[in-house]
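Chain B: place on chain A using the hints.
2 protein chains.
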Amino acid sequence: MKVSRRALLAGAAGVVALGKTAAMQASQAPSDPSKVRGKPSRALGQRAPFEKPQRQPRGVASSGTPHQDLYGTITPADLHFERHHGGVPEIDPKTYSLLIHGMVERPMVFTLADLKRFPSVSRVHFLECSGNFGGRGTATELTPQQLAGLTSTSEWTGVALATLFREVGASPKATWFLAEGQDAAVLTRSIPVSKAHDDALIAYGQNGEAIRPEQGYPARLLLPGWEGNSNVKWLRRIELSDRPFMTREETSKYTEPMADGTARIFSFLMDARSLITYPAYPVTLSRGWVEINGIAWTGSGKIRRVDVSTDGGATWTPARLQEPVLSKAHTRFRHLWNWTGGEAVIMSRAVDETGYVQPTRDVLIAARGVSSVGYHVNPITGWLIRPDGTVVYRAEPW
Amino acid sequence: MKVSRRALLAGAAGVVALGKTAAMQASQAPSDPSKVRGKPSRALGQRAPFEKPQRQPRGVASSGTPHQDLYGTITPADLHFERHHGGVPEIDPKTYSLLIHGMVERPMVFTLADLKRFPSVSRVHFLECSGNFGGRGTATELTPQQLAGLTSTSEWTGVALATLFREVGASPKATWFLAEGQDAAVLTRSIPVSKAHDDALIAYGQNGEAIRPEQGYPARLLLPGWEGNSNVKWLRRIELSDRPFMTREETSKYTEPMADGTARIFSFLMDARSLITYPAYPVTLSRGWVEINGIAWTGSGKIRRVDVSTDGGATWTPARLQEPVLSKAHTRFRHLWNWTGGEAVIMSRAVDETGYVQPTRDVLIAARGVSSVGYHVNPITGWLIRPDGTVVYRAEPW
Numbered sequence: 000m001k002v003s004r005r006a007l008l009a010g011a012a013g014v015v016a017l018g019k020t021a022a023m024q025a026s027q028a029p030s031d032p033s034k035v036r037g038k039p040s041r042a043l044g045q046r047a048p049f050e051k052p053q054r055q056p057r058g059v060a061s062s063g064t065p066h067q068d069l070y071g072t073i074t075p076a077d078l079h080f081e082r083h084h085g086g087v088p089e090i091d092p093k094t095y096s097l098l099i100h101g102m103v104e105r106p107m108v109f110t111l112a113d114l115k116r117f118p119s120v121s122r123v124h125f126l127e128c129s130g131n132f133g134g135r136g137t138a139t140e141l142t143p144q145q146l147a148g149l150t151s152t153s154e155w156t157g158v159a160l161a162t163l164f165r166e167v168g169a170s171p172k173a174t175w176f177l178a179e180g181q182d183a184a185v186l187t188r189s190i191p192v193s194k195a196h197d198d199a200l201i202a203y204g205q206n207g208e209a210i211r212p213e214q215g216y217p218a219r220l221l222l223p224g225w226e227g228n229s230n231v232k233w234l235r236r237i238e239l240s241d242r243p244f245m246t247r248e249e250t251s252k253y254t255e256p257m258a259d260g261t262a263r264i265f266s267f268l269m270d271a272r273s274l275i276t277y278p279a280y281p282v283t284l285s286r287g288w289v290e291i292n293g294i295a296w297t298g299s300g301k302i303r304r305v306d307v308s309t310d311g312g313a314t315w316t317p318a319r320l321q322e323p324v325l326s327k328a329h330t331r332f333r334h335l336w337n338w339t340g341g342e343a344v345i346m347s348r349a350v351d352e353t354g355y356v357q358p359t360r361d362v363l364i365a366a367r368g369v370s371s372v373g374y375h376v377n378p379i380t381g382w383l384i385r386p387d388g389t390v391v392y393r394a395e396p397w
Numbered sequence: 000m001k002v003s004r005r006a007l008l009a010g011a012a013g014v015v016a017l018g019k020t021a022a023m024q025a026s027q028a029p030s031d032p033s034k035v036r037g038k039p040s041r042a043l044g045q046r047a048p049f050e051k052p053q054r055q056p057r058g059v060a061s062s063g064t065p066h067q068d069l070y071g072t073i074t075p076a077d078l079h080f081e082r083h084h085g086g087v088p089e090i091d092p093k094t095y096s097l098l099i100h101g102m103v104e105r106p107m108v109f110t111l112a113d114l115k116r117f118p119s120v121s122r123v124h125f126l127e128c129s130g131n132f133g134g135r136g137t138a139t140e141l142t143p144q145q146l147a148g149l150t151s152t153s154e155w156t157g158v159a160l161a162t163l164f165r166e167v168g169a170s171p172k173a174t175w176f177l178a179e180g181q182d183a184a185v186l187t188r189s190i191p192v193s194k195a196h197d198d199a200l201i202a203y204g205q206n207g208e209a210i211r212p213e214q215g216y217p218a219r220l221l222l223p224g225w226e227g228n229s230n231v232k233w234l235r236r237i238e239l240s241d242r243p244f245m246t247r248e249e250t251s252k253y254t255e256p257m258a259d260g261t262a263r264i265f266s267f268l269m270d271a272r273s274l275i276t277y278p279a280y281p282v283t284l285s286r287g288w289v290e291i292n293g294i295a296w297t298g299s300g301k302i303r304r305v306d307v308s309t310d311g312g313a314t315w316t317p318a319r320l321q322e323p324v325l326s327k328a329h330t331r332f333r334h335l336w337n338w339t340g341g342e343a344v345i346m347s348r349a350v351d352e353t354g355y356v357q358p359t360r361d362v363l364i365a366a367r368g369v370s371s372v373g374y375h376v377n378p379i380t381g382w383l384i385r386p387d388g389t390v391v392y393r394a395e396p397w
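Chains as they are written, first to last, in numbering that gives the first Met the number 0: chain A, 0 to 397; chain B, 0 to 397.
Because the hints were derived from the structure by calculation, they are not lab data.
Among these hints, one or two may not hold up.
Copies of the same chain look alike in the list, so a pair counts if it works inside one copy or between any two.
Derived DSS-like pairs: lysine-lysine, alpha-carbon spacing no greater than 27 Å straight-line [claimed, not checked]:
id, residue 1, residue 2
1, 51, 252
2, 93, 38
3, 194, 252
4, 38, 51
5, 172, 34
6, 93, 172
7, 301, 194
8, 51, 301
9, 194, 115
10, 93, 51
11, 172, 194
12, 115, 93
13, 38, 172
14, 252, 34
15, 34, 301
Just chain A, with the same shape it has in the complex:
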């Protein structure tokens, strides 16, 4: 059906609409679908055979979410990013237990059934690996998945860690706790007790169902807004103390070198970041109105604003934010733009409720004082739209 594009300003609300003037021809009678019965109901649904979103494994230890294929804010559970240090263990929920001990009045062991008897809470939160920046080097053929696939958002359900700390009688002198996983790496991290009194959960539910194996089945620590590795999965032990434990993952890894030769440690907070997921590589854009959209998130609370530039950062316009904007959750932003065909660089910049502004690469490096930043890399990024409509990552050397 031959059509021509146009854009028109329509409606009292001044909504810019777009579409095609394809008047239906009387000769084009619709097909008759009534002669073929469709598929019957079944116990589990499947994706349409035309849709094949997939995580992209990087080695055996991680895989990223295909943001370029997604809408809204919820990440389907089988597309939630994964990152593990000794593979995904298989844990029988009947034998699972969580020990809480150390500086407590009553050391206790909780079964999964025990955890589920406590008052529960459900909250939508993002998780993000602190190493979630795939933009190093000069590669331009990078998808949103490659650039920032190691973040995802789910509705988590579990019991507040503060509830369990009251149950065991945590000592008021305890300021840190160790979280230990039941994976082959026995991943351990030291966490300030204050986070338990803020919003930490022991989560056993994800997007309505039991948490998935790669996300810590049957139960994990959830520290909303804090770097992924501290949200210890397959959680089997918590030990309260009055000092951090200085584990392998906070000495040899997950620290950031600073200009003076020391290393930043316990850098839990994930700062504000945004990512345009459409248009992005490998899309080829056609001229006319296009809704630029993407996700923004911050470990500090709610996203206050996302600015979009379509001129390489010379000017910025606030995007529409999808309501409800939830704390420490992906927020979808959208900005309508008329691409008239020239070369253009589109970029996004998140601002969170604390006033923190997503930095440029140069600002980020200047703040750290070193150029070899490995973790917590959240610079403003962009996409170059070429005159032929192809879209590539607008790389800066890193």
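Below, chain B alone, put in the same frame as chain A:
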């Protein structure tokens, strides 16, 4: 590990906690998981082999959501209920089109790519089949899935129907539109145009990904809060008119007989309802503190309150509602209760923002004037907890 139950009042907030006094014995060293590497990363996650939630097909044309297995508010896409009238068609998104014609200035055909170029919106909404009441007869061994499995909640993404109506230049005299599906039943319903100006969407996204086949892939009509069948799936045609079309599905079906021998027609709105999903058949409860929880929803907007009774309706207490309470979406409610072992009937009652109160069976029948109500059946329901802890549906003859 031998444990004894107890309940304790802990913390300044007066939170009632529950748990076990299982002090860890020093002899019980934790197992060493470090000798077995876990599974590597992969392109698509899978459920833990211990978790087998399933829809329950009733014949070939429907299957219900296993509410007893779920947490929070989001329904995993492969567990979203399905109801169809000619099976689930397979539609190639490349050949999909939506015709909008009738009382419009410019009849138009939109491809799926066209629909995706318009400004989009994401919103969390429930869907519910108007025949979603499985409590008829005297059966007591009914699960939440059997009782009310034909409702689910997703985050939907699509284009506002009002946007498309502006694009085609809908006549101000058009008061109804026909929505026609591309399934073998060519399901058609007449919908007031006012719903398009309220909150109707053409949805192509569900829980972050492309809409699933049973939910209308690649695009469906979404009429938040209105009975499922009017949310026409596999939508291929919309025709605007100044009167309803009186289709098969609104004459022979989807009407309610009234006392005077007439039938109620165009009864789109799904009234407020609630359902305790735990404890429920077939759980066997153990004594002590238990968090009664469930879902409540209303087509009229937000749930204002859910009352819970643990004495068969003699007294009621407001449950905690999980924030954020979203409009026309499942809302999780929770109520902590100490079951001391006697026989008890637990019930829930939803109140929505309009003040509508979920009725008893008798009130519902009296309001209609007839006892053979087939659609829109939303009475207060309960679960009988027997002294041995077994839980059954507290049936009233229907």
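Which numbered hints turn out to be false for this structure? 1, 5, 6, 8, 13 and 15
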